[in-house]
Amino acid sequence: MNERMVIVDGVRTPFCKSGTELSAFSADDLGRIAVNALLTRTGLDPALIDEVIFGCVAQPMEAANIARVIALRAGIPESVPAVTVHRNCASGFEAFTTAYERMAAGRGSIYVVGGTESMSHVPLLFQEATARKFTDLAKSKSTAQKLSALTAFRVADFEPRAGLKLGLTDPVCGLNMGETAELLAREDGITREQQDAFALQSHQRALAAEARLAEEMCPVFVGGKALLRDNGPRSDQSMAVLGNLRPVFEKYGTVTAGNSSQITDGAVALLLMTESRAKDLGFQPLGVLTAYAYAGCDPARMGLGPVAAIERLAKFSTLNLADADLVEINEAFAAQVLAVLARLKPGIPPDKLNVNGGAIALGHPVGATGARLVLSSLKELARRQAKRALVTLCVGGGQGGAIWLERI
Amino acid sequence: MPNIQRQTLEDGIIVLKFDRPDSPANIFDLETLAELESHLDELGKPEAVTRGLIIASTKPGIFMAGADLHAIRKMNTEEVKNFIQRGQDVFNKLAALSFPTVAAVHGAALGGGYEVCLACDWRVASTDSATKIGLPETKLGIIPAWGGCTRLPRLLSVPKALDIILGAKVLPAKQALRAGLVDEVMPREHLLIAARRWLERGKRDHGFTHSATVNAVVDAVIAPGARHDVYKKTHGNFPAIDKALEVILKGSSSWDEKDSLEREREAVTELIASDTTRQLLNLFFLQEKARKFSVTKAARDAKPVARAAVIGAGIMGAGIAQWLSARGVSVILRDIDAERVAAGMGKIAGLYAAGLRSRTFTERDVRVGMDRISPAPTEVPLKGADIVIEAAVEKMDIKKKLFQRLDELVPEDTILATNTSALSISELAAVTRHPSRVVGLHFFNPVHKMQLVEVVQGRDTSPEVAQRAVQFAQRIGKLPVLVKDSPGFLVNRILLPYMIEAAALFWQGASVADVDSAMLNFGMPMGPLRLTDEVGVDISLDVAATLAAAFPSRMHVPDVLPALLGAGMLGRKAGKGFYKYRKGSDASLNKQVVKLRPPRMPNPPNRDEIENRLVLLMVNEAARCLEEGIVASAGEIDLAMVMGTGFAPFRGGPLRHADSVAVAKVADDLTRLATSAGPHYAPCTLIKEMAKSGQRFYDDD
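Chains as they are written, first to last, in the working numbering: chain A, 3 to 410; chain B, 21 to 721.
I should point out that these hints are in silico values taken from the structure, not numbers from a laboratory.
Note that CB positions come from ideal geometry on N, CA and C, so glycine has one too.
Keep in mind that a hint or two might mislead.
Here are the simulated PhoX-like pairs of lysine-lysine, each with C-alpha atoms no more than 20 Å apart in a straight line [to be verified]:
#, chain 1, residue 1, chain 2, residue 2
1, B, Lys367, A, Lys227
2, B, Lys403, A, Lys281
3, B, Lys593, B, Lys603
4, B, Lys223, B, Lys65
5, B, Lys469, B, Lys159
To spell it out: a stretch of chain A is covered by chain B in this simulated footprint if at least three of its residues, at any positions, have a beta carbon under 8 Å from a beta carbon of chain B; those stretches are [claimed, not checked]:
#, region
6, 29–42
7, 121–135
8, 201–212
9, 218–225
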């Protein structure tokens with residue numbers, strides 16, 4: 003196929019800190035709300051959809067292949083297939099680029115994609131040894147066997163393992179994501195003040211962009227109220243307030259909760275079509291995908307993923323950084339973004355980078371973020387009447403993803 | 021032709037299957053009972069070496085619908101007695117068989133259709149959605165008299181049986197299992213395998229499930245409470261419930277089956293002869309007709325409504341959207357901003373939560389239902405909607421603008437419906453390019469409780485669209501009545517003069533208590549002044565003004581309504597109207613309202629006069645609607661009034677009531693009242709003519 007893939011429309015739920023206003027919603031609830039809102043506002047006949055592709059990092063046990071659950075719950079006919087994709091923090095990207103690959107292979111022309119994450123619902127797990135004891139108990143038949151199986155349990159067996167913490171720890175290099183950011187800060191000599199200043203700017207920009215960000219959202223209806231605002235951005239943020247926070251990962255480190263991305267619930271849905279199909283159906287697309295690339299890097303320095311991805315992107319596109327009217331670098335950690343910026347040539351002017359704030363203020367519902375970056379940057383291109391955006395993010399496990407988008 | 025098929029399985033197990041020829045349903049008439057009896061006699065002989073009996077049905081949706089009510093309605097007292105006795109005898113034979121018996125229920129097993137199951141040792145049922153099990157007799161003014169009042173308390177215990185029989189409950193399979201009405205449920209395909217498994221258990225021990233002391237306890241503890249609860253609900257107006265209660269309680273305290281069956285027979289024979297029961301049966305037939313009201317072939321073949329849009333997320337809009345979503349229809353719920361949509365979504369969630377508490381819904385039902393709703397706080401495309409139901413504010417200019425826009429947004433074959441309760445469909449339709457597809461679809465509040473829907477045909481509404489709307493109403497489980505576009509349509513037009521006159525009577529010096537209790541006594545579910553409070557004084561005033569403008573010769577706006585409005589006494593929503601309302605306590609009379617009215621007239625009407633005047637006014641307006649051809653038949657008016665307003669069901673509706681008291685007397689009373697109480701009582705032409713010629717509204721009595 004030599005047809006381009008266009009983004010017809012997109013919508014997201016508000017992003018809310020885990021354990022707050024969206025905590026009653028599961029990841030499939032959130033995904034359903036976004037997809038349903040997308041279909042309602044576009045009026046697309048859902049039977050025309052070729053496939054639903056969703057990213058989700060911590061798929062709920064009760065919604066295996068969450069994309070299918072979301073599709074059916076959103077009123078998409080049973081005949082339309084659905085698949086869930088996982089590339090860690092780039093899962094929302096992966097859903098987006100997978101659709102492109104399907105189109106390029108001639109498999110279809112209309113895809114609903116997105117990402118969803120309810121970090122409020124990432125479960126607590128039993129330890130392996132405890133789980134074995136439960137199996138023994140279930141297997142035992144006689145009362146004596148049961149009694150013996152029961153007496154094997156110890157108090158320590160009921161110490162849960164936090165799924166979130168496990169998920170954020172790299173099994174290969176053994177470092178927690180925050181520790182990879184500390185590593186970059188140490189090696190690059192990025193100071194606490196530089197990180198805090200970057201974080202403060204993210205909050206200030208997100209607060210100033212509240213009305214603009216609301217344009218991307220569909221309300222979530224809860225308790226008779228319409229929720230239509232991200233709750234991550236903090237108006238009381240200052241260098242002093244940020245400076246008082248303790249490092250989370252290393253005793254003498256510089257990475258704090260204040261200069262890291264927030265743990266958040268939210269979902270995004272995008273309607274993608276081949277350019278000709280969108281035209282046939284009479285849609286005015288937001289923009290077009292022009293190139294993308296994923297690249298691997300050292301898992302212990304996963305924050306540098308964007309550098310590797312942008313370098314690889316040059317294989318597929320003649321554009322360079324100077325061609326970008328807007329740049330989105332996902333803010334996993336302030337230290338990580340600063341480390342990336344230091345390596346990018348030519349440098350990115352501050353008024354083009356993360357202009358409406360980033361994940362430090364808005365939060366990082368891991369499976370959804372990639373799709374949000376696509377949506378947010380396209381909306382901003384339209385507001386600015388600008389042409390191109392480069393969107394990139396780092397991926398746990400040592401990868402990066404980068405995408406060129408263009409307004410049409 | 022035989023009504024029952026017999027099949028012998030290899031090991032002495034017999035299956036009897038109900039299979040009424042040329043009919044989708046099985047019913048018990050004399051012929052079927054006789055056939056069942058001869059099978060039982062034959063199988064019971066020792067040489068037959070029957071080892072077990074399974075009773076089933078060949079029909080896809082019905083096990084056994086019960087006794088032939090149409091036949092019963094035509095029987096005289098002696099015939100009724102014989103019919104009941106026949107049924108009891110045959111079922112007793114079934115219960116007395118020496119080998120085990122199982123009822124394998126797939127489809128509806130109602131009334132006599134469940135009583136035959138009760139005479140079996142065991143009952144299994146399919147989990148199919150067509151399976152519905154219960155004893156709805158008391159709703160029809162009769163009682164389960166083929167052993168239901170006798171065997172069910174023995175199977176379940178007295179309080180549980182009272183719950184089923186007095187509540188006239190009909191339950192889906194899983195709930196029937198929980199209630200104990202059946203022993204096990206399974207997929208339809210496993211029904212026979214399961215039935216055979218239950219046969220292996222042998223005869224069920226029919227012994228006493230309660231000891232003698234428990235029976236004494238029934239009398240001492242349950243009986244007074246049960247009697248009190250029943251009276252509170254029926255005011256003695258539903259004798260079937262009282263009779264069922266007595267038969268069950270007596271049967272339980274003496275525990276002699278034969279005596280109890282005799283009491284069933286006596287009670288039901290007496291009931292069927294009563295006017296109340298005749299009216300309830302008439303109503304039941306009317307409901308059946310409205311539910312099955314056959315639409316034209318074109319309407320049947322038209323695309324069924326799968327997706328709807330409701331415009332307006334207020335009480336009615338939210339109520340309609342919730343009802344549709346629970347009935348499998350996807351709904352776009354649209355209003356002008358997110359706050360309004362949010363309030364509507366909150367109401368819908370509340371309705372589902374209440375349904376979950378009352379076990380109407382499972383958690384899955386709630387989730388699936390809520391998922392079917394697409395909230396739309398801004399204008400969205402409506403290309404996919406098969407029907408749009410507008411439930412915005414009752415202002416003609418707003419509705420006109422809306423319809424002009426809707427006309428552009430939807431495809432040409434989409435039905436545009438309005439839920440207006442007062443405005444003209446024809447006038448509204450005129451602003452669209454295709455007025456033929458505009459129709460009224462008047463739901464009543466609260467939507468999930470009120471079965472009636474007025475399908476209003478405007479001047480230009482095409483018959484095909486009207487028929488499709490009727491079919492849509494049927495498909496979502498409502499009772500449609502097709503009415504012509506005219507101020508107030510049918511129900512409000514008859515109800516409003518009654519509410520207005522009640523307010524006028526109060527203004528003339530009658531007490532609020534007298535007015536309301538007179539009508540409660542007549543059998544209305546709520547007094548007219550209390551109803552005015554519930555509807556809202558402002559809304560009542562609006563509708564009264566519309567009707568007064570349309571019918572200036574006989575309708576007016578009573579002075580009391582503007583006075584109440586001026587005093588801020590808007591009814592329930594304001595906390596006070598004719599009554600005072602406080603959270604957590606019953607409504608009490610509002611003494612302030614008396615101070616608003618002019619000096620008391622010397623001789624305010626007493627309760628009898630009040631009842632007579634208010635009822636006659638409804639009868640007169642109902643007859644006028646028939647005269648004007650607002651609906652096609654008296655039956656539709658009566659059904660609409662009972663289902664839409666709760667008009668005393670045991671009186672059968674205003675026109676049945678007129679027949680009961682005689683149209684000539686109605687005409688006389690109205691003529692007399694026209695001089696003494698006001699010209700608005702003057703009898704309509706139809707009543708005058710019928711009085712002269714001695715005609716009746718119905719010719720079936």
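Cross-check of the supplied hints:
Between lysine 367(B) and lysine 227(A) the CA atoms are separated by roughly 11 Å; this keeps the pair inside 20 Å, and the hint holds. Annotation: proposed proximity of lysine 403(B) to lysine 281(A) holds, straight-line Cα distance about 18 Å (limit 20 Å). Of the pairs offered as hints, the one joining lysine 593(B) and lysine 603(B) holds, with about 11 Å between alpha carbons and a cut-off of 20 Å not exceeded. Between lysine 223(B) and lysine 65(B), the direct Cα distance comes to roughly 17 Å. Compliance with the 20 Å bound is thereby established for this hinted pair.
As the CA atoms of lysine 469(B) and lysine 159(B) are separated by approximately 16 Å, the hinted pair is consistent with the 20 Å bound. Counting residues of the region 29–42 of chain A whose beta carbon lies closer than 8 Å to any beta carbon of chain B gives 5, which meets the minimum of three for the stated coverage. For the region 121–135 of chain A, the stated coverage by chain B is violated: 0 residues have a C-beta nearer than 8 Å to a C-beta of that chain, whereas at least 3 were required. Counting residues of the region 201–212 of chain A whose CB falls under 8 Å from any CB of chain B gives 0; the rule of at least 3 is not met.
Given as covered by chain B, the region 218–225 of chain A passes the check, having 3 residues with a CB less than 8 Å from a CB of that chain where 3 are the minimum.
Violated hints for the displayed structure, listed by number in ascending order: 7 and 8.
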